[in-house]
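As a plain string of letters, each chain reads:
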Amino acid sequence: MYEKEKQIVDAYVRGSISRRDLFRGLGALGVTAATAGVLVNAAATRALAANGFDWKKHSGTTIKLLLNKHPYTDAMLADLENFKEMTGMDVQYDVFPEDVYFDKVTAALSSGSTEYDAFMSGAYMTWTYGPAGWIEDLNQWIKDDSKTNPDYNWGDMLPGVVKSCAWNGQPGGELGSDDAKQWCIPLAYEQNNLTYNKRIFDANNLKVPTNIDELLDTAAAAKAVMNGGYGIGVRGSRSWATIHPGFLSGYANFGQKDLNVSADGKLSAAMNTDVSKEYHRKWVKMIQDSGAPDWSTHTWYQVGTDLGAGKSAMMFDADILGYFMNGGDNKEAGNLAFSAFAANPEAKAPTPNIWIWAMAMSTFSQKKDATWYFLQWVTGPEHDLFGARKMDLVNPARSSVWADEMFRDKLSASYPGYVEMHDVSAPGASIKFTAQPLFFDLTTEWAAMLQKMVAKEVPVDEGIDQLAESVNRQLKDAGLG
Amino acid sequence: MSDATMNQKPRRGFRVSRGALPYLLSLPALLTCIGILVPFFTAVAYSLQRYRLSQPWARKWNWGENYLNFLSDPAFWNTLKVSLTYAFLTVGIELLLGLGIALLLQKRTRFNNFVSIMLLMPLMTAPALASLMWKLMTNPGFGILSYFASLIGLHDFRWASDPSTAMLTVVLVDIWVYTPFIMILLLAGLRSLPQQPFEAAALDGVPRLFVFWRITLPMLTPFLLTATLFRVIESIQQFDIIYAMTQGGPGDKLTVFQVEAYLNFFQSTNVGRSAALLMILWAITYILSNIFIKNWLRLRERQRGEA
Numbered sequence: 001m002y003e004k005e006k007q008i009v010d011a012y013v014r015g016s017i018s019r020r021d022l023f024r025g026l027g028a029l030g031v032t033a034a035t036a037g038v039l040v041n042a043a044a045t046r047a048l049a050a051n052g053f054d055w056k057k058h059s060g061t062t063i064k065l066l067l068n069k070h071p072y073t074d075a076m077l078a079d080l081e082n083f084k085e086m087t088g089m090d091v092q093y094d095v096f097p098e099d100v101y102f103d104k105v106t107a108a109l110s111s112g113s114t115e116y117d118a119f120m121s122g123a124y125m126t127w128t129y130g131p132a133g134w135i136e137d138l139n140q141w142i143k144d145d146s147k148t149n150p151d152y153n154w155g156d157m158l159p160g161v162v163k164s165c166a167w168n169g170q171p172g173g174e175l176g177s178d179d180a181k182q183w184c185i186p187l188a189y190e191q192n193n194l195t196y197n198k199r200i201f202d203a204n205n206l207k208v209p210t211n212i213d214e215l216l217d218t219a220a221a222a223k224a225v226m227n228g229g230y231g232i233g234v235r236g237s238r239s240w241a242t243i244h245p246g247f248l249s250g251y252a253n254f255g256q257k258d259l260n261v262s263a264d265g266k267l268s269a270a271m272n273t274d275v276s277k278e279y280h281r282k283w284v285k286m287i288q289d290s291g292a293p294d295w296s297t298h299t300w301y302q303v304g305t306d307l308g309a310g311k312s313a314m315m316f317d318a319d320i321l322g323y324f325m326n327g328g329d330n331k332e333a334g335n336l337a338f339s340a341f342a343a344n345p346e347a348k349a350p351t352p353n354i355w356i357w358a359m360a361m362s363t364f365s366q367k368k369d370a371t372w373y374f375l376q377w378v379t380g381p382e383h384d385l386f387g388a389r390k391m392d393l394v395n396p397a398r399s400s401v402w403a404d405e406m407f408r409d410k411l412s413a414s415y416p417g418y419v420e421m422h423d424v425s426a427p428g429a430s431i432k433f434t435a436q437p438l439f440f441d442l443t444t445e446w447a448a449m450l451q452k453m454v455a456k457e458v459p460v461d462e463g464i465d466q467l468a469e470s471v472n473r474q475l476k477d478a479g480l481g
Numbered sequence: 001m002s003d004a005t006m007n008q009k010p011r012r013g014f015r016v017s018r019g020a021l022p023y024l025l026s027l028p029a030l031l032t033c034i035g036i037l038v039p040f041f042t043a044v045a046y047s048l049q050r051y052r053l054s055q056p057w058a059r060k061w062n063w064g065e066n067y068l069n070f071l072s073d074p075a076f077w078n079t080l081k082v083s084l085t086y087a088f089l090t091v092g093i094e095l096l097l098g099l100g101i102a103l104l105l106q107k108r109t110r111f112n113n114f115v116s117i118m119l120l121m122p123l124m125t126a127p128a129l130a131s132l133m134w135k136l137m138t139n140p141g142f143g144i145l146s147y148f149a150s151l152i153g154l155h156d157f158r159w160a161s162d163p164s165t166a167m168l169t170v171v172l173v174d175i176w177v178y179t180p181f182i183m184i185l186l187l188a189g190l191r192s193l194p195q196q197p198f199e200a201a202a203l204d205g206v207p208r209l210f211v212f213w214r215i216t217l218p219m220l221t222p223f224l225l226t227a228t229l230f231r232v233i234e235s236i237q238q239f240d241i242i243y244a245m246t247q248g249g250p251g252d253k254l255t256v257f258q259v260e261a262y263l264n265f266f267q268s269t270n271v272g273r274s275a276a277l278l279m280i281l282w283a284i285t286y287i288l289s290n291i292f293i294k295n296w297l298r299l300r301e302r303q304r305g306e307a
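Each protein sequence line maps, in turn, to chains A and B.
Take the first sequence: its position 343, counting from 1, is numbered 343 in the working numbering, and each next residue is one higher.
Take the second sequence: its position 266, counting from 1, is numbered 266 in the working numbering, and each next residue is one higher.
In short, the hints are calculated from the structure, not lab data.
There could be a bad hint or two in this list.
What the hints assert, rightly or not - 25 Å max Cα-Cα, derived DSS-like pairs, lysine-lysine:
| no. | chain 1 | residue 1 | chain 2 | residue 2 |
| --- | --- | --- | --- | --- |
| 1 | A | 410 | A | 331 |
| 2 | A | 69 | A | 285 |
| 3 | A | 223 | A | 207 |
| 4 | B | 60 | A | 266 |
| 5 | A | 56 | A | 147 |
| 6 | B | 135 | A | 331 |
| 7 | A | 410 | A | 64 |
| 8 | A | 367 | A | 181 |
| 9 | A | 181 | A | 56 |
| 10 | B | 60 | A | 223 |
| 11 | A | 56 | A | 331 |
| 12 | A | 456 | B | 60 |
| 13 | A | 282 | A | 348 |
| 14 | B | 135 | A | 69 |
| 15 | A | 207 | A | 285 |
| 16 | A | 198 | B | 294 |
| 17 | A | 266 | A | 476 |
| 18 | A | 390 | A | 84 |
| 19 | B | 294 | A | 476 |
| 20 | A | 181 | A | 285 |
| 21 | A | 223 | A | 456 |
| 22 | A | 311 | B | 135 |
| 23 | A | 104 | A | 181 |
Start from the sequences, fold in the hints, and give me the full structure.
Printed below as a string of structure tokens:
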């Protein structure tokens with residue numbers, strides 16, 4: 001880099017000049033905005049290396065990662081050379097598509113393989129991996145000043161998100177409690193809100209729904225004008241993944257829970273309440289009246305692509321799914337808009353359940369300290385900022401990145417309403433499930449029961465009672481109930 | 001004699017004593033057996049334990065408890081029912097269709113040979129890929145099969161998404177993939193049958209239907225049994241078609257043994273229950289295989305006796 005450009009970029013990273021001055025200065029030197037971003041990231045890495053922390057301590061060490069194919073991974077890999085240069089470490093990785101990713105993780109961890117040092121995980125998965133003894137409690141590194149760089153800024157992490165990755169391992173234990181173990185560190189997270197097709201809504205004078213009743217009405221009205229399409233996309237496959245996005249976000253907004261935890265730590269089903277049954281009835285009716293005809297096979301992929309292709313008028317799912325569908329070569333790119341959604345008309349704010357992509361460290365890693373260097377870098381503020389500004393690392397898990405003017409401007413320019421939606425729902429965003437080892441069993445059964453209700457194989461009230469009975473039986477069999 | 005031949009020295013290779021040779025020759029088979037038996041007995045051991053990876057502290061031998069729990073578990077009985085229904089339907093229909101096609105193509109002509117090769121194409125497709133293809137073809141929005149269904153008045157036909165038609169849909173995919181297997185096996189059988197009984201029947205003017213029931217079918221029975229054995233074993237262990245199409249849904253409509261065992265292990269990390277399910281599946285496969293093999297041997301003996 002030429003000295004003059006370097007000086008300007010370093011001054012911006014130090015905070016001595018504004019973003020406007022940065023671009024003005026670089027523009028005068030003939031540097032494009034895209035190149036400026038890369039220069040700023042390289043300068044941030046230099047600044048990180050200059051904070052007195054010995055980043056070269058594990059120089060020459062090679063670590064290996066197991067990664068899921070995802071835009072977050074793309075951001076990580078695009079920035080990886082900076083990490084290698086700063087630390088002198090080598091990083092190898094395997095990337096697998098999501099369909100087989102978690103099977104690969106389970107196989108690698110359950111066999112005690114030392115091949116992978118760290119891997120991408122969801123928070124729910126750590127409820128299995130943690131008690132099984134497959135992953136490390138990362139507190140031992142986070143709280144060790146000699147191993148963590150002074151600019152890591154742990155307190156910058158969004159509280160609801162970072163707590164969702166921490167659990168004390170007690171079935172029913174509160175997430176983020178004082179005795180919780182930090183099983184993983186978030187890269188970014190997804191809130192569940194409404195993404196709707198503004199073109200269709202405007203053309204048909206449809207009003208953006210603000211609660212579950214309006215959602216049913218608007219979905220039905222949309223279906224009526226969709227000409228072969230359908231009103232609302234929500235997940236429906238026989239999988240835990242059907243429960244955690246829109247369904248649970250709305251459910252939690254009514255103050256409903258999946259499980260009760262008694263004073264002596266015993267768990268029992270909590271879904272057989274009157275409020276829960278009423279919510280289930282509405283959800284089931286919404287799918288029957290206005291959902292996808294092949295709803296019971298819909299994963300996030302079909303929900304997203306149908307919205308992007310104009311086959312559905314809206315979806316109640318991950319906000320970042322709407323983000324990605326509003327770009328690329330999707331037919332409806334540029335037509336999608338976002339809205340925070342509180343299902344309960346009496347609720348003050350939305351309470352989205354969240355999905356987190358996070359990094360975890362394998363217990364079987366033989367290079368744990370070196371692996372921690374990578375983990376603190378990839379979840380650190382510099383990489384998060386790079387990913388948010390230059391790549392598609394939405395939604396970043398750090399409050400400083402959400403405050404970044406460049407990132408907010410980028411979102412607001414191409415994704416109108418996205419930042420506002422995030423800001424409204426973020427305070428209530430967290431994991432709404434009870435942390436316990438039977439998570440996948442019980443949620444998969446919940447999804448299967450929803451399918452039966454939608455197919456009218458069982459009345460809703462009866463289905464919920466059957467589900468609660470089965471959940472209680474399984475908890476008891478596992479010694480948890 | 002050339003120099004080369006004259007200079008040739010007796011080979012000094014690795015010599016094996018006569019006594020060790022039989023053991024050495026059977027070593028590959030022994031290693032293969034170990035490769036099969038070790039995982040098998042490990043699975044037997046797991047099936048006798050309360051063993052969930054997410055609760056390592058609760059791991060203990062519970063002996064037959066996993067199996068006993070099945071007796072009162074409606075999900076298990078549903079799995080058994082779904083698996084047997086799937087196997088019965090797929091194998092039954094495939095046998096009928098395979099036999100019908102084989103009879104049509106029995107005569108050796110260029111056209112028949114060409115068609116029989118073409119009909120093998122689905123067998124070359126990986127079942128998981130075939131399922132994805134069918135998933136697209138049955139998509140209610142743009143699927144070609146949904147379009148054809150609408151032409152005959154079946155509007156909004158939901159294929160694998162509807163509990164009442166989910167089994168039909170996966171059975172159709174299975175038939176599409178595996179009927180050629182039965183067809184080619186039976187075609188080979190038909191073409192290898194001795195011609196004298198058929199010529200004699202033709203000379204006597206015996207009706208074709210009588211020839212089919214009394215000559216063709218009995219002579220073809222060993223081939224039918226072989227085809228049935230292979231298909232029953234494979235079909236009762238079906239995983240990829242069902243998992244790729246519906247993951248076992250809607251509801252519990254398609255939770256066959258393999259899907260249930262897979263979900264129990266990889267999703268619920270319930271190793272004990274998963275292993276016990278697979279042991280039951282093994283027992284069913286073992287019993288069915290024995291029945292078929294015994295019948296096949298009996299038939300062979302009878303045919304030899306008659307010859």
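| Hints violated by the structure (listed by number, smallest first) | Hints 2, 7, 9, 10, 11, 12, 16, 19, 20 contradicted; others consistent.
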